[in-house]
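S.K.: Going down the list, the sequences are from chains W and Y. The opening residue of the first sequence carries number 350 in the numbering used here; numbering runs sequentially from there. The opening residue of the second sequence carries number 267 in the numbering used here; numbering runs sequentially from there.
Hints are not guaranteed to be accurate.
[Stated by the list, open to error] Below, in silico cross-link-like pairs of lysine to any residue (SDA-like), each with a Cα-Cα straight-line distance of 20 Å or less: (1) Y/LYS354 to Y/PHE318; (2) W/LYS391 to Y/LYS268; (3) W/LYS391 to Y/ASP288; (4) W/LYS403 to Y/LYS268; (5) Y/LYS356 to Y/ASP288; (6) Y/LYS268 to Y/PHE346.
Calculated directly from the structure, the hints in this document are not laboratory data. A quick note: this is a predicted structure, and the numbers were derived from the prediction, not measured.
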Amino acid sequence: MRIERFSPLTEATYYILLSLLQPLHGYGIMKKVDSMSEGRVKLAAGTLYGALSKLSQHKLIKSVGEDADNPKRKLYRITEDGRQLLRYEVVRLGEMYDNGLIEMGLER
Amino acid sequence: MKVVKRWFFVWQEDQERVFLEDMALMGYVLKKVGLGKYEFEEDVPCERIYQFDFRGLSRIPEEEYLQLYADAGWECLARFGGWYYFSKLKTEGEEIEELFGDNQSRRQKVHRVLFFLLLTGFPLYYQTLIVFPGINLVDSTLPRFYSFFHGVMIVLMLLHMSAIVLIGRMAWRLKRRISE
């Protein structure tokens, strides 16, 4: 499978994948993304749900059990394919970022 | 309890939302949705936000789905024909007031609706255009009933076609906005 076909990821999907390097449930993902982006990225519930469906369908994440306090909250985690995609995306974004700095003469 | 008869078609989501939000301002909170019928419960007048989702076919079980929305503050007040009616009280602050935060996920929802319409369209069009015209009304024992029924189906089919065209246009517009 060519993982690059999922690229570019939307901002929401990128952050969801990134937060799932550790097992989290939906609400945990929302909080994690909020804190990682220092409150800039607010995941809307429908956007998160849609992304979770799509990502599991393409086996980029998988369900790994449920929350001990509330079994209705399923825990997800990134798969090896998901990691590969994330790595590809980080390198791609890095290239874009570097070129932005160079071309615009900005300091890192 | 208050029952209001109102018709909204699938492409009139915004009008339906405004109707429900106005009812909340008058002190009526949605309780149940039927075919052209809305049941409300009396409550203190308040500013409520309503949002609708169409879940379609999903591997994620419904209880997990509802839990996820509930965690984000969305209460599911009613369900009707694959549609979920979510609501939350309006608060000052930076609460998210929409179910979908980007055009990509808005488009996904529109696609779920469109897929469902195409799925139901096939038997409807087949019945209306092929099966019914093939029935011999002269030999039939219930000719009037059949022509009445055929008429109803033609109306349904035209509504269905409008839905496909209008929802399709919505999907196309979102697609254009994403690629810009």
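S.K.: What hints, given by number in increasing order, does this structure fail?
M.R.: 2, 3 and 4
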